[in-house]
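Chemist: In case you want the letters, here they are:
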Amino acid sequence: MKCKKCGRTIGVEDKLCPYCGTVNDLAAAHERNIKEFDKEFTKTQKEVAGSAKNLEGIGKRALILAILVAAMLVMHFVSRRNYVGPDEDAIRSRDAQTHCEEYKEEMEGYLKRGEYLDYIAFIHAHGIYLSSAGYEDFKHINYVASDYYECIRHMQGIVYQTTDKDYWNSMEQQISSFSMYLEGFMETYKVQAEAEKNSTYKAYIEDMYQDLRSLLKAYVKLDDAGVDEFLELSDAKMAVRLEEVFADEAE
Amino acid sequence: MKLNKILKTVFNIAIVIAALLCLMFFIDMKASFDYAKEQETDDTGTTMDVFDYKLKHKAYGEVVDHYFTDRMYSMTAEEGLEKTYLVAEYANTAFMRRIFTEKNDTQHEKACLDKLNGIRAELGDYAYTAEEIDAVISLY
Chain Z
1 MKCKKCGRTI GVEDKLCPYC GTVNDLAAAH ERNIKEFDKE FTKTQKEVAG SAKNLEGIGK
61 RALILAILVA AMLVMHFVSR RNYVGPDEDA IRSRDAQTHC EEYKEEMEGY LKRGEYLDYI
121 AFIHAHGIYL SSAGYEDFKH INYVASDYYE CIRHMQGIVY QTTDKDYWNS MEQQISSFSM
181 YLEGFMETYK VQAEAEKNST YKAYIEDMYQ DLRSLLKAYV KLDDAGVDEF LELSDAKMAV
241 RLEEVFADEA E
Chain Y
252 MKLNKILKTV FNIAIVIAAL LCLMFFIDMK ASFDYAKEQE TDDTGTTMDV FDYKLKHKAY
312 GEVVDHYFTD RMYSMTAEEG LEKTYLVAEY ANTAFMRRIF TEKNDTQHEK ACLDKLNGIR
372 AELGDYAYTA EEIDAVISLY
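So the sequences go chain by chain: Z and Y. All the letters of the first sequence, read from the start, carry residue numbers 1 to 251 under the numbering used here. All the letters of the second sequence, read from the start, carry residue numbers 252 to 391 under the numbering used here.
Keep in mind the hints are simulated off the structure, nothing from the lab. On a predicted model such as this, the values are computed, not experimentally measured, just so you know. C-beta atoms are modelled at their ideal positions from N, C-alpha and C, and glycine is treated no differently. Any given hint could be a false lead.
As the list claims (entries may be wrong) - Label-pair distances were calculated between CB atoms; the ranges are:
#1 Thr295(Y) x Glu115(Z): 27 to 35 Å
#2 Tyr286(Y) x Gln45(Z): 53 to 61 Å
#3 Arg81(Z) x Ala265(Y): 22 to 30 Å
#4 Asp87(Z) x Asp300(Y): 27 to 35 Å
#5 Ala52(Z) x Ala265(Y): 18 to 26 Å
#6 Ile34(Z) x Ala265(Y): 46 to 54 Å
#7 Thr295(Y) x Thr163(Z): 23 to 31 Å
#8 Arg81(Z) x Thr295(Y): 23 to 31 Å
#9 Ala282(Y) x Ser51(Z): 40 to 48 Å
Unchecked claim - Computed footprint of chain Z on chain Y; a stretch qualifies when at least three of its residues, placed anywhere within it, have a C-beta under 8 Å from a C-beta of chain Z:
#10 281-293
#11 311-322
Next up, chain Z with everything else stripped away, as it sits in the complex (with noise of 0.2 Å):
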């Protein structure tokens, strides 16, 4: 560049002119914005250092935050673990899917042989329930010889209850479930024959039915009139008859 007054050639960054001494303008303002821009550079540097001073606080609280909630979440899992223990239903209800022909035939079997008890027992020790897929040709039977079970269960409550006054005596809440199995068993006995009409389990379901009224023949004492009367109480009116009749036994 040349100097403004005198015209010879001097270097940009000059701030005087070395051959008159005249003041380099363009020197002096690029020195201003030099200055300038250290001020302003200093600045944001400092700005930026501190925001991430202080984000960097937070992030640390997150972190810390973040690793208890996970140790709860692990404690919580560890806890519930040992307090319930494996899931046993759903390992009976898969053993139930992985084996479903095996099963079938095993229960095929109790039915043919009348051994209608140990047929429950075994599709629930077993984790096969009503809904259960692979099972769905035993669900009206299931649901009869479900009420039979606990007729059965109830009935042998009553009959084997104790006589000795210090022992709990349980006559009238196993009367009670008596009663009402007995009267559920009535509903889904004149329900599931009429589904299973043309069905081989048909002859299962009426045979469920003549040992129940085999058991109040045996049992309650009752002849086949009676019977017929007694199934079609209620359970309330049932247990009001069986608390009478196994009362005067009692006595």
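Given the coordinates of chain Z, assemble chain Y onto it according to the supplied hints.
Modeler: Using the frame of chain Z, we list chain Y on its own:
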């Protein structure tokens, strides 16, 4: 700046709460291990004591009631508790035999009789229960 301070305060509070919860979860986890250990403890002795107590009071209704419940979980008795199943099985079979007699179902009645004789042979010290059960059924 202000926002940072607020965030820090919120995080500090959250950390304190999480730390307290962690402590609670830790105590709960420790208790759960004790519970699991307790569950593993062999309760055969206690079960047999309760069973003997029931037999002492001739509470066969209770014996068969538990049998009907237990069989829905396992068709065979747990180790050491075989006698409880045998006695209940005898009571159940004697009860069903009476039904089959009433029903004139000779095939099932015979099967029950054979089963009763088989169980009786296995009852050992509990053979007296067969006599008591037979006495109850004979009333019907």
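Chemist: State for each hint whether it applies.
Modeler: Going through the hints against the structure:
1. In this structure, Thr295(Y) and Glu115(Z) meet the distance hint of 27 to 35 Å, their C-beta atoms being roughly 28 Å apart.
2. For Tyr286(Y) and Gln45(Z), the hinted distance range of 53 to 61 Å is satisfied, since their beta carbons lie about 59 Å from each other.
3. Taken as a hint, the range 22 to 30 Å holds for the pair Arg81(Z) and Ala265(Y), whose Cβ atoms sit roughly 27 Å apart.
4. Between Asp87(Z) and Asp300(Y) the beta carbon distance is about 31 Å. The supplied range of 27 to 35 Å therefore holds.
5. At about 22 Å, the beta-carbon gap between Ala52(Z) and Ala265(Y) stays in the expected band of 18 to 26 Å.
6. At roughly 48 Å, the beta carbons of Ile34(Z) and Ala265(Y) sit within the given window of 46 to 54 Å.
7. Restraint check, Thr295(Y) to Thr163(Z): a C-beta distance of roughly 29 Å satisfies the suggested window 23 to 31 Å.
8. Remark: the range hint 23 to 31 Å for Arg81(Z) to Thr295(Y) is upheld by a beta-carbon distance near 25 Å.
9. In this structure the supplied range 40 to 48 Å holds for Ala282(Y) paired with Ser51(Z), their Cβ-Cβ distance being about 46 Å.
10. With 6 residues bearing a CB less than 8 Å from a CB of chain Z, the region 281-293 of chain Y meets the requirement of three and the coverage assertion stands.
11. Judged by the Cβ-Cβ criterion of 8 Å, the region 311-322 of chain Y is covered by chain Z as claimed, because 8 of its residues qualify and three suffice.
Hint compliance for this structure: every hint is met.
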